[in-house]
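One letter stands for each residue in the lines below.
There are 2 protein chains.
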Amino acid sequence: MIVCDGMGDRADRAREFQTPLSVAKKANMDALARDGSIGLIDPVAPGVRPGSDVAHLAILGYDPCKFYTGRGGLEAAGAGLRLYQGDVAFRCNFATVDAKMVVKDRRAGRRIEGRDELAEAVSEMRLSDPSAAFEFVPTVEHRAVMILRGKGLSRKVSDTDPHKEGIPILRSIAEDEERASRRTAEILNEFTEKSFKVLSNHKINAERAERGLLPANIILSRGPGTLPPVELLGRKYCIDAACIAVAPIVRGICRVAGMRLIEVQGATGGLDTDFKAKVSAAVQAMKRHDLVFLHIKAADVASHDGDFEKKTWVIEKIDEAMAQVIESVDLAKDYIVLTSDHATPVAFRDHSEDPVPVLVAGPDFDISGITKFSERTAATGNLGRLLALHLMPIMMNRLGKVEKFGF
Amino acid sequence: MIVCDGMGDRADRAREFQTPLSVAKKANMDALARDGSIGLIDPVAPGVRPGSDVAHLAILGYDPCKFYTGRGGLEAAGAGLRLYQGDVAFRCNFATVDAKMVVKDRRAGRRIEGRDELAEAVSEMRLSDPSAAFEFVPTVEHRAVMILRGKGLSRKVSDTDPHKEGIPILRSIAEDEERASRRTAEILNEFTEKSFKVLSNHKINAERAERGLLPANIILSRGPGTLPPVELLGRKYCIDAACIAVAPIVRGICRVAGMRLIEVQGATGGLDTDFKAKVSAAVQAMKRHDLVFLHIKAADVASHDGDFEKKTWVIEKIDEAMAQVIESVDLAKDYIVLTSDHATPVAFRDHSEDPVPVLVAGPDFDISGITKFSERTAATGNLGRLLALHLMPIMMNRLGKVEKFGF
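Just so you know, the protein sequences line up as chains A and B, in that order. In this text, residue positions in the first sequence follow our numbering: the first is 6, and each later residue adds one. In this text, residue positions in the second sequence follow our numbering: the first is 6, and each later residue adds one.
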């Protein structure tokens with residue numbers, strides 16, 4: 006199952022209704038479309054504009070309306086942290102504030118020398134409430150994850166990160182009437198204040214000041230989340246599932262789903278990723294796993310940049326790499342699914358609500374006979390228009406992993 | 006409304022993507038497809054593999070997620086038994102066990118001479134709980150239905166039938182935390198033990214032993230179910246609905262829906278059924294009823310046998326019989342619906358999750374212009390891809406039986 010993040014696009018009158026997928030030269034995808042079934046999937050439902058987290062939950066067969074419990078939990082899982090039921094995880098930034106708590110730089114200059122030492126100082130802080138504890142782990146550059154642990158916590162609290170510079174940090178407040186939410190907001194505020202005290206006085210920041218650098222003097226938090234109460238994919242369908250992905254959020258969801266993470270040299274999660282290495286690793290992994298989930302982020306990166314040509318180039322590179330799929334995979338016994346988690350139209354530069362093309366090929370899928378894979382051809386394809394949530398049950402049926410409903 | 010059980014199939018690479026429906030010579034169905042609208046329906050939802058019971062509830066417009074309350078209740082209704090709210094019905098078998106309660110034959114040799122006398126002995130048993138009673142009625146061959154009656158019963162109990170030979174019978178246990186479930190399991194276990202005592206000592210079994218036959222010395226139970234709390238079709242839509250079906254489960258659902266059952270001479274529910282007699286009876290019944298539901302089981306039988314040619318033959322026989330429909334039915338005022346309750350691919354030999362073709366023709370349905378009725382043509386047909394649950398409301402709208410939602 007190959008998911009090209011943000012590959013879907015939308016017809017643009019200014020470009021004569023062409024999309025990167027419709028103009029890309031991609032003989033391999035087109036051949037699979039012809040030899041398989043094609044259609045459209047709505048990531049969540051028509052008219053719902055999905056985040057990557059929500060879209061991936063749906064693609065893996067977990068109804069996001071039931072199982073989406075915030076970004077933080079998935080992000081923590083993606084960073085390799087162990088999350089327990091009841092924990093609340095936050096995405097954090099080292100940031101720079103002035104004495105009035107106005108945010109000068111949400112990233113404290115992005116690459117922070119001595120970051121790990123600063124993180125250690127944060128970790129040594131103690132909360133005044135003895136029944137609560139936290140774990141603080143730096144991840145990439147200025148980013149970190151903080152997990153609150155203890156009884157009676159809630160994810161229904163607001164961010165301390167104002168998401169903008171030039172305005173003061175925010176006090177976290179409860180987003181519902183629960184006592185647990187009020188308590189969690191208080192703890193988060195205490196954590197934030199203490200981080201300012203500890204970091205402001207840290208010698209690393211004194212050194213940074215000498216060198217004319219912004220101090221990394223506070224931890225801002227956002228996106229509280231808990232572990233989604235999903236049934237592991239392996240248990241739900243009795244399969245052995247693996248995942249190849251770099252993006253932390255996708256890794257997090259796959260970990261939460263109990264999939265094995267396969268590391269690939271040269272995979273970067275960016276435009277410079279080694280497309281061939283990733284596809285090759287996936288084809289290899291098919292020998293040992295019932296399901297291999299391959300996530301490629303690059304098309305989404307080009308889409309957020311609004312770069313039509315770059316996105317087209319990415320699709321062509323993915324298609325080139327897919328030659329190995331055509332060569333190695335036997336459609337008389339194996340299945341291929343190719344789709345996108347959501348559309349990120351280059352003209353819109355963000356995720357949109359558009360349905361995205363999907364292609365399934367294998368021993369018992371009819372052939373569409375359609376010789377081109379695009380948003381337009383998929384719209385009248387032989388699969389019709391499904392929800393992303395349907396994809397996993399359909400495929401698991403083909404693998405004989407689904408119980409009958411009724412008799 | 007003609008429902009050809011299991012007629013839907015799936016493209017099979019090994020057969021060049023042909024299906025029984027795509028290769029069958031069936032001029033009448035094809036003509037109706039051309040003169041009507043065609044599309045696909047998912048029996049429950051994409052990716053859900055349905056039992057016949059669940060699929061038929063959906064086709065009759067009852068959401069199985071709400072109204073499926075187990076097989077036993079529908080089966081009891083199909084056997085003509087009167088079921089009340091609160092009753093729990095089981096499907097039963099006369100079976101053979103040894104002294105250690107290991108199942109030797111789940112059917113006690115299938116055709117059991119003196120079965121009714123044995124059933125009478127079972128019926129005369131008394132349960133130790135005076136507030137519970139049961140009704141035990143033999144049906145076909147080794148089969149029977151048992152209805153538990155009384156206050157505080159539940160269908161959330163496990164089977165005593167191990168569904169396999171060579172292993173001991175099972176003790177029924179509660180499948181939830183309810184007191185009613187624990188009580189029902191206890192009663193079922195008592196019923197099973199007593200049936201062994203009564204049947205083991207019965208003179209019919211002594212005679213069987215003398216003749217070298219296996220004793221029918223226990224009653225095994227499975228598939229507990231209650232009466233689904235459905236609104237009668239006649240009341241829901243203010244119509245007079247009739248049903249022609251032999252399969253007990255379909256008869257049961259139609260009875261529960263309040264439809265009139267029409268008996269047809271020569272209808273067997275098997276491959277040897279009189280297709281023409283059934284279709285003829287349905288065409289006749291259209292004169293007196295707003296809705297006539299005709300169920301033909303044969304294609305499903307051939308499918309479970311994995312017999313492509315036989316299934317094709319069945320479809321051709323049904324088509325031949327449908328000449329009467331073409332002759333007698335006036336599409337300027339009557340409606341025809343032709344579909345399948347679910348797919349039973351011959352290569353899979355069981356119900357699958359595939360959507361099935363559907364055809365609707367009548368005064369105000371557009372013509373598809375498509376001159377062939379098959380899984381493939383239906384996939385890009387003018388009805389799109391619907392749920393089976395949508396079919397009845399659509400048809401009832403055409404009959405002017407549906408109230409506006411809103412103003």
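The hints are simulated quantities; they were obtained by calculation from the structure and are not laboratory data. Don't be surprised by glycine CBs; every beta carbon is placed ideally from N, CA and C. There's no promise every hint is true.
Covered stretches of chain A (in silico footprint by chain B; criterion: 3 or more residues with CB under 8 Å from a CB of chain B, positions within the stretch not fixed) [stated by the list, open to error]:
#1 80 to 94
#2 368 to 375
#3 405 to 411
With beta-carbon atoms standing in for the labels, derived distance ranges [said to hold, decoys possible]:
#4 Arg240/A / Glu170/B: 21 to 31 Å
#5 Leu132/A / Lys409/B: 24 to 34 Å
#6 Ala50/A / Glu129/B: 50 to 60 Å
#7 Arg403/B / Lys338/A: 51 to 61 Å
#8 Gln289/B / Gly239/A: 18 to 28 Å
#9 Lys208/B / Lys338/A: 38 to 48 Å
> Which numbered hints are broken by the structure, listed smallest first?
Replying inline: 1, 5, 7, 8 and 9
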